Amino acid sequence: EAQVTQNPRYLITVTGKKLTVTCSQNMNHEYMSWYRQDPGLGLRQIYYSMNVEVTDKGDVPEGYKVSRKEKRNFPLILESPSPNQTSLYFCASSLKRTDTQYFGPGTRLTVL
Amino acid sequence: QKEVEQNSGPLSVPEGAIASLNCTYSDRGSQSFFWYRQYSGKSPELIMFIYSNGDKEDGRFTAQLNKASQYVSLLIRDSQPSDSATYLCAVTEYGNKLVFGAGTILRVKS
Numbered sequence: 014e015a016q017v018t019q020n021p022r023y024l025i026t027v028t029g030k031k032l033t034v035t036c037s038q039n040m041n042h043e044y045m046s047w048y049r050q051d052p053g054l055g056l057r058q059i060y061y062s063m064n065v066e067v068t069d070k071g072d073v074p075e076g077y078k079v080s081r082k083e084k085r086n087f088p089l090i091l092e093s094p095s096p097n098q099t100s101l102y103f104c105a106s107s108l109k110r111t112d113t114q115y116f117g118p119g120t121r122l123t124v125l
Numbered sequence: 092q093k094e095v096e097q098n099s100g101p102l103s104v105p106e107g108a109i110a111s112l113n114c115t116y117s118d119r120g121s122q123s124f125f126w127y128r129q130y131s132g133k134s135p136e137l138i139m140f141i142y143s144n145g146d147k148e149d150g151r152f153t154a155q156l157n158k159a160s161q162y163v164s165l166l167i168r169d170s171q172p173s174d175s176a177t178y179l180c181a182v183t184e185y186g187n188k189l190v191f192g193a194g195t196i197l198r199v200k201s
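Heads up: the protein sequence lines correspond to chains U and H, in order. Quick note, the first sequence lines up with residues 14 to 125 if you use this note's numbering. Quick note, the second sequence lines up with residues 92 to 201 if you use this note's numbering.
What the hints contain is simulated information worked out from the structure, not anything from laboratory work. Every value quoted in this text rests on a predicted model; they were computed, and no experiment measured them. What you were told as hints is all true, and nothing was included just to trick you.
From the derived model, a few chain U residues whose C-beta atoms are all more than 12 Å from chain H: (1) 21; (2) 27; (3) 64; (4) 75; (5) 76; (6) 77; (7) 82; (8) 97; (9) 99.
Using 20 Å as the maximum straight-line C-alpha spacing, the simulated EDC-like pairs for lysine to aspartate or glutamate come out as follows: (10) U:109 x H:136; (11) H:133 x U:51; (12) H:188 x U:72; (13) U:70 x H:184; (14) H:147 x U:112; (15) H:188 x U:112; (16) H:158 x U:112; (17) H:133 x U:14; (18) U:70 x H:94.
We treat Cβ as the ideally placed atom computed from N, Cα and C, and that holds for glycine.
This is chain H alone, in the form it adopts within the complex (with noise of 0.2 Å):
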């Protein structure tokens, strides 16, 4: 099993819906969780972190954190074009270790 999971994708939503992007993860004790963006050829970037249960907002962008269930959301409302890219998860495990997901592929077509 993978420390850090993810849907490949992949996920293909219009423009102006809402885009959820969803990882788990397998250590109980994770306290840290990030979600990373990544453009074709390019460096990832962060979008949000988030440490505690329940729902973060940043703009367009929500990051959801169920430690019972140990998974973390994405959620992107009002998806654009310019989302479309590929989506890591990354979260601290085992205290002292940063483990990515694969990542999801996200498309939004106009």
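Extracted from the complex, chain U is given alone in its bound form (with noise of 0.2 Å):
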């Protein structure tokens, strides 16, 4: 089954402790990107990877990182994580930056 996968799904940790979220798609996509999703602000977009070892910033890159070492993997990192990136965050993969996009089941990130 052509999917895009997430995890953790949720996540509660504290200010200052360094998380991943992982993505991984099995649909051979070039393009993959990560969004949050917050009240009223739509999806906006962190980091997206045109391929492997090829990464840029999106609208609201600060205080995350990314890394693509593989073609189906895009790990989100949050190095320091502040109460500011509480939110809904999804992954994203397509053939090219324009076309339609499968997203991840999202991952619901708390930080106290």
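Build the complex: two chains, separate frames, hints provided.
Structure below.
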């Protein structure tokens, strides 16, 4: 089954404790991205990757890091999480940047 | 001015009615337009995409694109309670960037 998976689905953590949210897709998509979704603000792109070892900032990259060492995986790293990073996070993949996005199930993160 | 604008709603329609959702965008050069549906707590899923001016129909859904007026709309005929969700408009802007609107909440009342 073609899908995008994310883990964990729910995470409660404390300020400053490094965390990683994993994302994996099995559709051989070149383009992957991370979004955060907050009430009233919609989906905002954090980082994206056009291909292996090619990543770039989206609209709200502060406080986040990513890496793309393999085509299928695109982890999101929060080195020192803060309460303003409490949000619902989605990973997405597509063939090209402007194609239909296939979203993962989401990760609800709470930073205390 | 936001790049992609949608009325946040909620838009309430009775069961069986036509729901009309609208989206405006700022880049006259936009080429691709998408409608996603998102149930509460779930991930967005694609309903339709449209590239050319005019209407595109898929079952109960019709996407309408008017590039001259820079708007795209989604019509849902015979609305069902299961259509209650947030509808996200997404537009490719400035050549290579996909921008999402904040979404319109639709409530279909039985």
